[in-house]
Amino acid sequence: MESSYISKVFRFLFAVPLCLVALFLPYGLRMRYTHLFAFLFHLPFVLFGRITRYLFRKLGIDPHDIDWT
Amino acid sequence: MTSTGPEGGDCVLLYSGGTDSTCAAALMAEKFTGVHLLSFYQGKKKEVTGVGDTIRALQGRFKGVRFLHQVLPTTDLVKFISYSDYLGCLGRHGWLVLSTPGFTTLSWHVTAIAYCMKNGVHSVADGLTRELMHFPGHIDEVISVFKKLYADFGITYTNPVRDWEVPSDQQFIDRLIVDPHGYFFPSEETREKKNTTTGRYLCELGIMPHPNVKGSPMDHKMQYDCYPFVLYNIMAFWIYLNFQPYEFFCWRMRELFEEKAGQMRALLREYTVKGGNSRLSKLLGESWKSSA
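In order, the protein sequence lines correspond to chains A and B. Position one of the first sequence corresponds to residue 144 (the numbering used here), numbered consecutively onward. Position one of the second sequence corresponds to residue -5 (the numbering used here), numbered consecutively onward.
These are computed hints drawn from the structure, not numbers from a lab. Treat the hints loosely; a few may be bogus.
Chain A regions said to be covered by chain B (calculated; three or more residues, Cβ under 8 Å) [said to hold, decoys possible]: (1) 152 to 161; (2) 176 to 188.
A partial selection of chain B residues facing chain A, derived with a Cβ cut-off under 10 Å [as the list claims (entries may be wrong)]: (3) Asn227; (4) Ile233; (5) Phe237; (6) Tyr240.
Now the in silico label distances, taken between C-beta atoms and shown as ranges [stated by the list, open to error]: (7) A:Lys151 x B:Gly200: 44 to 50 Å; (8) A:Asp205 x B:Arg259: 46 to 52 Å; (9) A:Ser150 x B:Lys39: 37 to 43 Å; (10) A:His178 x B:Gly2: 40 to 46 Å.
A virtual CB, placed ideally from N, CA and C, is assigned to each residue, including glycine.
Generate coordinates for the entire structure from the input sequences, incorporating the hints supplied.
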């Protein structure tokens, strides 16, 4: 419970300066700033997806045929 | 399904080209003889090569229905919504002025209302489901603000696939990327009644090749860009929802969007009087004048 609260505080302290900068940016710069975060946050998932697709292709597996439940 | 028989006439559908809005288009095609599919973009227009195939598939399935696709810019309108009375708004609503996804959604609705006025249409729908319930445009309280805005101009706004199930793998990946606080599912009773997904419905109609194409290369080819939401997610999850309950967040969001909808109501009323010479017409841009 306590660690959860600490992690919330850390997330808050991390988020405040990032969002504070955005508050003072005009539209164009705010969009670029947002896209930069989008790129960085999605990068691990995009790379994971690319590796997974590569492995499925090499192994000859169609992921739609797999029962994931 | 949700069809209640043909109503005839035309309707407008806010159309991203994805599975949910395509399903909503199919449901509207069961009721109306004309479906105006409106897609939107901010910044540079993206070429979406697959959307034509999807619309042709819809046309093939509903031969008596006229589908008309328009791609409209909302850059200047989003900018206006985001920054009008900015300091006052910042004082009243704080961090929520970073709700760009919601301002983008509002710009779609305002454009749709103006389009309806121009073309004599009285019904608007979209493909909204109960995914990503922290987005302003997905919050019930904010949707009721949008519905009132439409109603003020004699237009009915509906969400025909709102309570449909979402594919389980989509929930999983979205939880990883953007929704660590979990999903707000429809009630069990609703889930039993609508035990299908939008993708499965389209697959059964022969419009999609598979019940779940979400995230596939085909999905990317047929869909317009979504609004940028990562910074908004940081604000929503790590500043607001970290310490405040979801209900409080929704209430604050409703306050913000009631104010923004008020500004838009004034712009739309001016548009009804001045038409092409109004501020709204200028915000919608040159391509607006040639549309439809």
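How does the Cβ-Cβ distance of Lys151 of chain A and Gly200 of chain B compare with 44 to 50 Å: does it lie in that range? holds (49 Å)
Counting residues of the stretch 152 to 161 of chain A whose CB is closer than 8 Å to a CB in chain B, do you get three or more? Contact hint for the stretch 152 to 161 of chain A vs chain B: holds, 6 residues under 8 Å.
Check the following: the C-beta atoms of Ser150 of chain A and Lys39 of chain B are separated by a distance inside 37 to 43 Å. holds (41 Å)
Holds or violated: is there a CB of chain A closer than 10 Å to the CB of Tyr240 of chain B? Result: violated, 15 Å to nearest chain A Cβ.
A closest beta-carbon separation below 10 Å is what the hint needs, so does Ile233 of chain B meet it against chain A? Status holds, d = 5 Å.
Can you verify the interface hint for Phe237 of chain B: is its Cβ closer than 10 Å to any Cβ in chain A? The hint holds - Phe237 of chain B has a Cβ within 10 Å of chain A, the shortest such distance being about 7 Å.
Given the hint of 40 to 46 Å, check if His178 of chain A and Gly2 of chain B actually sit that far apart at their C-beta atoms. 43 Å Cβ-Cβ, so the 40 to 46 Å window holds.
Under 8 Å between beta-carbons, do enough residues of the stretch 176 to 188 of chain A, three at least, approach chain B for the coverage claim to hold? n = 8 at 8 Å, threshold three: holds.
Answer holds if the nearest beta-carbon of chain A is closer than 10 Å to that of Asn227 of chain B; otherwise answer violated. The hint holds - Asn227 of chain B has a Cβ within 10 Å of chain A, the shortest such distance being about 8 Å.
If you check the beta carbons of Asp205 of chain A and Arg259 of chain B, does the distance land in 46 to 52 Å? Distance hint for Asp205 of chain A, Arg259 of chain B holds at roughly 51 Å.
The structure does not agree with numbered hint 6 stated previously, though it agrees with all others.
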